[in-house]
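Line by line, the protein sequences give chains Z and U. In this text, residue positions in the first sequence follow the working numbering: the first is 1, and each later residue adds one. In this text, residue positions in the second sequence follow the working numbering: the first is 1001, and each later residue adds one.
Bear in mind the hints are in silico, worked out from the structure with no lab data behind them. Note that the coordinates shown come from a computational prediction; the quantities given were computed from them, not determined experimentally. Using N, Cα and C, we set each Cβ at its ideal position, and we do this for glycine too. Be aware that one or more of the hints could be misleading.
[Said to hold, decoys possible] DSSO-like cross-link-like pairs, simulated, lysine-lysine; straight-line CA separation at most 27 Å:
| # | chain 1 | residue 1 | chain 2 | residue 2 |
| --- | --- | --- | --- | --- |
| 1 | Z | Lys572 | Z | Lys191 |
| 2 | Z | Lys572 | Z | Lys494 |
| 3 | Z | Lys185 | Z | Lys92 |
| 4 | Z | Lys181 | Z | Lys164 |
| 5 | Z | Lys411 | U | Lys1003 |
| 6 | Z | Lys316 | Z | Lys572 |
| 7 | Z | Lys191 | Z | Lys158 |
| 8 | Z | Lys252 | U | Lys1149 |
| 9 | Z | Lys195 | U | Lys1149 |
[Stated by the list, open to error] Among chain U residues calculated to face chain Z with C-beta under 7 Å, some are:
| # | residue |
| --- | --- |
| 10 | Ser1066 |
| 11 | Trp1071 |
| 12 | Ala1098 |
| 13 | Phe1138 |
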Amino acid sequence: MMPSRRDFLRTSGVLVVAFGTGSLTLLRVSAQGPFGTHPSHIDPDKLDSWLAVDTDGNITAYTGKCDFGQGILTAQTQLVAEELCVPMSRVKLIQCDTDHTPDQGTTSGSQSTPANFNDENLALAAATAREALMSMASARLGEAAEQLTAADGVITNKSGRSVKYEELIVNKQFHIPLNPKAKRKPVTEWKVLGKPVPSLDRPALMTGRFQFVQSVRVPGMLHGRLVRPPNMGATLVRVDESSVSGISGLVKVVVRKNFVGVVAETQQQAITAARRLAVQWNVGPELPVQSNFFDYLERQPSHDTLSVDSGAARAKLAVASGMLSARYAYPYQMHGSIGSSCAVADVNASHATVWSATQSVYPTRSVLSKILGLSIDNVRVIFARGAGCYGLNGADAASFDAAVLSQAVGKPVRLQFSREDEMKWENLGAACVVEHRAALDPDGTIAAWDRENWIASLGNRPGYDRPGNVISGFLMGYEPEPFSPEHASAPKGKLRNNSNAVPPYFAGCVGGECQGGGRIRSERSLTHTVRSPFFTGPLRSPARIQNTFANECFMDELCERAKDDPLSFRLKHIEDPRLAGVLKAAAQAASWQARAAEIASNTQTGTVSGLGLACVNYEGDNGYAALIAQVEVNLDTGVVRPVRFVVAIDCGPVSNPDGLRNQSEGGILQGMSRSLVEEVTWDEKRITSVNWATYKTLYLDYEMPSVDTVIVDTKDGRAMGAGELSITITPAAIGNAIFDATGARLRTLPFTPERVLAALTEWRERSTRLTRVWKRPTLAIQVQ
Amino acid sequence: MLKQIQLKVDGQQRTVAVDPETPLLFVLNDELGLHGPKFGCGMAQCGSCSVIVHGQVVRSCVMPVSAVGEWEVTTIEGLGTPEHPHPLQQSFIEQGAAQCGYCLSGVILTAKVALDANPHASERELRDALGGVMCRCFAHLRMMRAILKYAEAKRA
């Protein structure tokens, strides 16, 4: 007899419905390993929470870092296989399920590699397990552990006697804590890690079989659709249910404060009902005017943070001759996932199970418990991959919406956003303005640099208890993170450069200790966080891409003022050898010549070409990258066309070079799209970028540049993140290449043809007045 | 109003009882349980719902199921299986030509139809054919490489 769905939910991992020849068949697609769910699976200090040996000696491992397409499932499988000395085919990795995996917070911020590939968490668990097995084998074989070798799940002594893992610990738990002294296998001995293993999801993806959250179906499932307000701040007046009374299949109209949705038997019926439902709203307040939004940002009350403040910077600049200042502006941008966000929720009077593409299963469970009024122990969140999210897209919001709809009807509900629901209400990548002031010493190095930025913020990830940080929770009546203006206090403790507000050329001295990696000691970096009229949230390289665009372009302006070469000028201001290392590696791979050509100030027509350079130490401690962009600029049309990128990356020991290259290429091309075309628009009432006609992206017909990735494989360092390295420096490298090609400096993203033409006109007028043509140094740069 | 509709999908004859105005995509996903074609925008702007109908790539999110008629529907699942992928799918596997992979129905089926129509299509012509297809992870370079390698092998 077929077990009930509840039984499956209780006993299995992911429950999905697969379809055989016409009839429904229940499949358990994800077994949870040999022990089932037990309390130790939640305690990260216990080995059994991370890893189990099955009856056939295969390894089941549990991770709280999940795969959205960035390849971390494959890399973590390599890690476990490496440490346990088994082939990858004998490792099964269970990812992000609150019934089975440890709470590792959110899979974000390029933190999966730092967290799980060094000396903690999954890596430490795997090393602990190997040592425990060796120790058991030592007792069994009567020989010291150092005399034993392990391969393919078998431990052998010098005389050839052997014992299999499953004979040592068959169907038993380890019952030991993670051992902080357990030794990872040395990088030089790696056989599986460090290799370009093809990502494990490829065959299922390429043949359309892969189970995205959008394909999850459960028996008795209904379909939801939302009716979002006309704009931000609108409040519900009245819902006229009689407007949809005749629609077949309609199950319920669900209202909760300003949240309105419908549930119907089919998607089509839900869409029809949502479209026809008559809803009256009080429209929200007018929005700040987009055309001068960056001025608006600078005038708002702000919450201020000083990352570094030498005191001397502003004093020096006050008396400096020839101070250089510039303002850079970065627009709101979208995650714009290709698949609109989706979740499936099954909520009854006491329990909830939600299949979600969230990056944060445990925080989502906690928030769902709050929204649904259920005990947290009775809420289960199971990660199922959605379309690429690049940060906080609509996945969390959709999970809350689906759960509330399901609770209202007492049946499972699948909810997928419309394209407009997705784009109009997502937590946008933040708009940001950066102002720089700096001056040079007589020797052509930077004497002092003062910078401040204004970044828009409203909401964020919901975390464990803040549903109002995304639109769904907000409409249900929860408040976003409160905003309170505050003056900055003096920086203290360690240098914090998580947002890359401190350029890598700053000495970064806080409390007498200088950790910035640069040489500039007259330094200040001040951040003003300003309340945003739209929800904002982490979008691939949040704040870091905004700050780095401004920092690296302004560094180029200073270089121009010093009449120096962009590479040698950077190297003069860097002490950190690894940042210098990636700069030199990129320069060598691109055959960088100190820029010898004169700026073609007289060229008025045709296509010109230029090279631009940018670099970053991501988050101040999470990976190094340097990028050289070659672009062509059509002086008649203003169209910018990147033709070549060369990037050098140093993120410590690399787990999977092919995965790293895939991330590097995708990051640069996505960064290119964000540099050239992506910008959220709005009118006086609402966001007007609501589909792919009104929010631009580069389609597959775009003639893409070549991308070469040079991996600087620092085997003895800590493993660092790589997914956000290349994108962070792409806007600046392109902007600097446009300058190199034309002499015009673009300070506002994206680099649209209109902005390029305007900058060219402005520059021509100025350069005619100043006859400002300089000859670049001709010497070749010594690399390596 | 429900109506019995006969469909030939991925080589199999299927019967569904649906509102004839239902988009083909919802029928493929919800009635026939296919995972390959996916809802992306519902406006024929992205390509993730692409299927082949009568030898042409169509956006199943905007095609009413009643418009399919006798024509055969081929989805990315009908092209090949994980065990026996179509050579174009195999080329994508070898090149690792995806990140999240949500867009692949549009990319793979559009390229297949373009090369079926013109096996000697140039890179430029293939790009033009892919003009309405997007990949937000920007795996563009690997995808084009996979398509060109397949085209080369097909011609050989």
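Structure versus earlier hints, numbers of those that do not hold, lowest first: 1, 8, 10, 11
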